[in-house]
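Colleague: Now that you have both chains on their own, put them together as the hints suggest.
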Amino acid sequence: MTGTESAQASAPKIGPPLWLLAELTYRCPLQCPYCSNPLDYAQNDQELTTEQWVSVLRQGREMGAAQLGFSGGEPLVRQDLPELITEARQLGYYSNLITSGLGLTEDKVLAFRDAGLDHIQVSFQASDPELNNAVAGSRKAFEQKLAMARAVKDAGYPMVLNFVIHRHNIHQMTDIIDLCERLGADYVELATCQYYGWAFKNREGLMPSKAQLIKAEAEVNERRRMLSEAGSAMKLIFVTPDYYEERPKACMNGWGSLFLTVAPDGTALPCHSARLLPIEFPNVQSQSLQSIWYDSPGFNHYRGDSWMPEPCRSCDEKGKDFGGCRCQAYLLTGNADNADPVCSKSPEHDRILAARRAADHATAGLEDLSYRNPTNSRLFYRG
Amino acid sequence: MPKFRPGFRFQWEPAQNAHVLLYPEGMVRLNESAGAILAEVDGQRSVADIVAALEQRFPEAGPLADDVTGFLQDAEQQHWITLS
Chain A
1 MTGTESAQAS
11 APKIGPPLWL
21 LAELTYRCPL
31 QCPYCSNPLD
41 YAQNDQELTT
51 EQWVSVLRQG
61 REMGAAQLGF
71 SGGEPLVRQD
81 LPELITEARQ
91 LGYYSNLITS
101 GLGLTEDKVL
111 AFRDAGLDHI
121 QVSFQASDPE
131 LNNAVAGSRK
141 AFEQKLAMAR
151 AVKDAGYPMV
161 LNFVIHRHNI
171 HQMTDIIDLC
181 ERLGADYVEL
191 ATCQYYGWAF
201 KNREGLMPSK
211 AQLIKAEAEV
221 NERRRMLSEA
231 GSAMKLIFVT
241 PDYYEERPKA
251 CMNGWGSLFL
261 TVAPDGTALP
271 CHSARLLPIE
281 FPNVQSQSLQ
291 SIWYDSPGFN
301 HYRGDSWMPE
311 PCRSCDEKGK
321 DFGGCRCQAY
331 LLTGNADNAD
341 PVCSKSPEHD
351 RILAARRAAD
361 HATAGLEDLS
371 YRNPTNSRLF
381 YRG
Chain B
1 MPKFRPGFRF
11 QWEPAQNAHV
21 LLYPEGMVRL
31 NESAGAILAE
41 VDGQRSVADI
51 VAALEQRFPE
61 AGPLADDVTG
71 FLQDAEQQHW
81 ITLS
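Protein chains in written order, with the numbering used here: chain A, 1 to 383; chain B, 1 to 84.
Pulled out of the complex, with its shape left as it was, chain B reads as follows (with noise of 0.2 Å):
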């Protein structure tokens, strides 16, 4: 269940024209996979529903589950979200 980590603010700036990942003194500017990506993640939904959604969403780009789940781990890693 991917979650972001406290601290960590997730939403969309007209001025830069993206989705930021916002955190402690920091700022993060996302380009439109991951900030479509990362719009889902609300600490209720599982990766699967997650991947499900952004299916439906994009039907033209095809099974996204590696995609989708490669980017959350990455995020993951970079301690932007939890997962479980």
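So here's chain A without its partners, still in its complex pose (with noise of 0.2 Å):
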């Protein structure tokens, strides 16, 4: 007895994880060069059930999960969504839709608010139809995206915007933050890329020269000063690249510390990334979510400190960032263990400044990226 209680107070203490991220599908109408999901997701068709998403809804919220997001893919080509929905306003959960407004109609947003959604995140590509519809790949998408804005605001929910930032329409910052403005949005998230999934293999054509994201974040903050002047309620939260920061962002608050996501196959992860690291990870059909959760050797691998390497292991900032990202330091070092390169102790710092290099001086169009889509995809798997 004694032996077990001295070696649980040694091992981290692992809280709840109060944030689950639901990804229905892989399936999207759209075909943005920087999705998050695996590139080789067209490998990968199998989604769970109904029952199995509901099962899991529940266990999360056993657990104490609260904040619940319905994503993708495009969550909206589930057919059941709106069953999932009411099961999760049952559980008590807060719920999340995070869309690309392509499926969505006037009739669905009302129903989903009835049936006890919370808010819905439209995401927009650019603040004109021309560029937002070449970078998602499709011809009607804006007009589709503002009508669903709308509609969302109208049905009295939160109106959050989202628009996923790059060296192609970082220019558009105050036109992005103007027509926010006249949607009526209540939050507006300008989330620079994060280079994962297809965002790292377009890297190059995608990230920002440090000259534009300085003059985007001038724009930023004059009319975050204008809006406050105004007495405006619209909040901008600017998410700028890590490639331009010394030290690594403390990802996902920890290895296992709050998020769990669930991929539409049922493989359960600690990040919406963490797929393309090399470590074995749970799946919710054969293992319950609380075994997977505390148990599991995938969630425990980059728990606590002791799997550091140096420079973190005897980094005094260590319980601060915890290393930083785990597949950052995998795609851009190959081992996963090391530093995340984008801090200034990094051994391999200098791919940080490469890529730095780099965006001064590329000339990518936006017909040179690959986008995301299945024939694409399938190319990451056959060679």
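Hints are computed from structural coordinates only; laboratory data are not their basis.
Errors might be hidden in some of the hints.
Here are the simulated DSSO-like pairs of lysine-lysine, each with C-alpha atoms no more than 30 Å apart in a straight line [what the hints assert, rightly or not]:
#1 235(A) <-> 3(B)
#2 345(A) <-> 13(A)
#3 13(A) <-> 249(A)
#4 3(B) <-> 153(A)
#5 235(A) <-> 108(A)
#6 201(A) <-> 345(A)
#7 235(A) <-> 215(A)
#8 318(A) <-> 345(A)
#9 3(B) <-> 108(A)
Modeller: Structure, rendered in structure tokens:
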């Protein structure tokens, strides 16, 4: 007994997963070249059944999850979405629908509200139809998004608009914020691409230069000042690329600390990118969520700090940033144990510096990017 | 008349042993006094009503008007609630 107790005392205390991200499907009508889904997503078209998702939601809520994201792919392609929303509300989740707006209708917006959906986030690709539709790989996307953003607002939801920012639209900050003001947005996420999945593949064609970033930050700050003076409640959230930082982000607030993602086929992940790591992750079809979160080797792999090599091991900031992002370490150094190379203390920080230099001289146009679609995806597992 | 803004939900979370405020992709874990004050916000009662209710519930705490009003003003600045 004593032995067990002391072993428990020395292990890092594991809190409950407060956020559950349900990636209902990888199917999507858009082809955004920065999609966070795996490059080889088309290889895996298995999806959990409605009953299996309901079980995941129940188990997650039981464990303490309060925030629930319905994401994808495009979650609207799942015909059972209304059922899942109803279940989520009954369980007491705060549920968020992360959507491109394609496939949404005014009737669905109202029906989801009545079923208890709390929030719909509509993503845009740019402030004008031409660029928006070119990035999305869809000719009618922009008009549909505008209509759905308005429908969301009219139905009484908080309006959250998300723009993924990259070198081809970062000059539009002011226009984007103006558009959001006209639409009456409550929150605007200006999220610079994070370089995983398709965005990593297309990084050279997406990453803004330092000069572009500085200009954009100044524009956002100016708009913030104006909004604050006007007493506007519209909140601007500008996520800048960590490639221009000298210290890494505290990725996911620590591995297996708050976030639990369930991929379309039931694979449970500590974040939506972790699938690219050479680590075996458990599946909700063969294990309870409880044992996945607390006991599985995959979720315990990077908990605590005993796994850290130098320079993280002896770093006095390791409790703050947890060594950064494991996926980024893996993508850039080939070993997920390493310090995130964003950190200037990382011996491989030069990879970040090289990416910054490349961004200063990049010439690739939108047409040079690899778009996220089944044909391109197949290239990544056939080869 | 304090009222939660659209998209904000206040509820008790047993796993966190606390009241929380949930909003689009975010959550604030509230301390005991914040939880007790926001529990009274129903969009029907005025600040004065809320103060009176809390003073009745916590007689040992003495007059609460300043603390409650100050907190509700903060909550308005955070855009959690509207006051008018």
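Colleague: Between the alpha carbons of residue 318(A) and residue 345(A), is the straight-line distance 30 Å or under?
Modeller: holds (12 Å)
Colleague: Checking one constraint from the list: CA of residue 13(A) to CA of residue 249(A), max 30 Å. Satisfied?
Modeller: holds (22 Å)
Colleague: Tell me if the straight-line CA distance from residue 345(A) to residue 13(A) falls inside 30 Å.
Modeller: Roughly 28 Å between the alpha carbons, so the hint for residue 345(A) and residue 13(A) holds.
Colleague: Run the distance test for residue 3(B) versus residue 108(A): straight-line Cα separation, threshold 30 Å.
Modeller: holds (27 Å)
Colleague: Hint check: residue 235(A) vs residue 108(A), CA-CA at most 30 Å. Holds or violated?
Modeller: holds (26 Å)
Colleague: Do the alpha carbons of residue 235(A) and residue 215(A) lie within 30 Å of each other, as the hint requires?
Modeller: Satisfied, since the Cα-Cα distance of roughly 20 Å is no more than 30 Å.
Colleague: Between the alpha carbons of residue 3(B) and residue 153(A), is the straight-line distance 30 Å or under?
Modeller: holds (18 Å)
Colleague: With the threshold set at 30 Å, check whether the alpha-carbon distance from residue 201(A) to residue 345(A) stays at or below it.
Modeller: Measuring from Cα to Cα gives roughly 25 Å; hence the hint holds.
Colleague: Quickly compare the C-alpha distance for residue 235(A) and residue 3(B) to 30 Å and report which way the hint goes.
Modeller: holds (19 Å)
Going down the numbered hints, you'll see the structure goes against none, and every one checks out.
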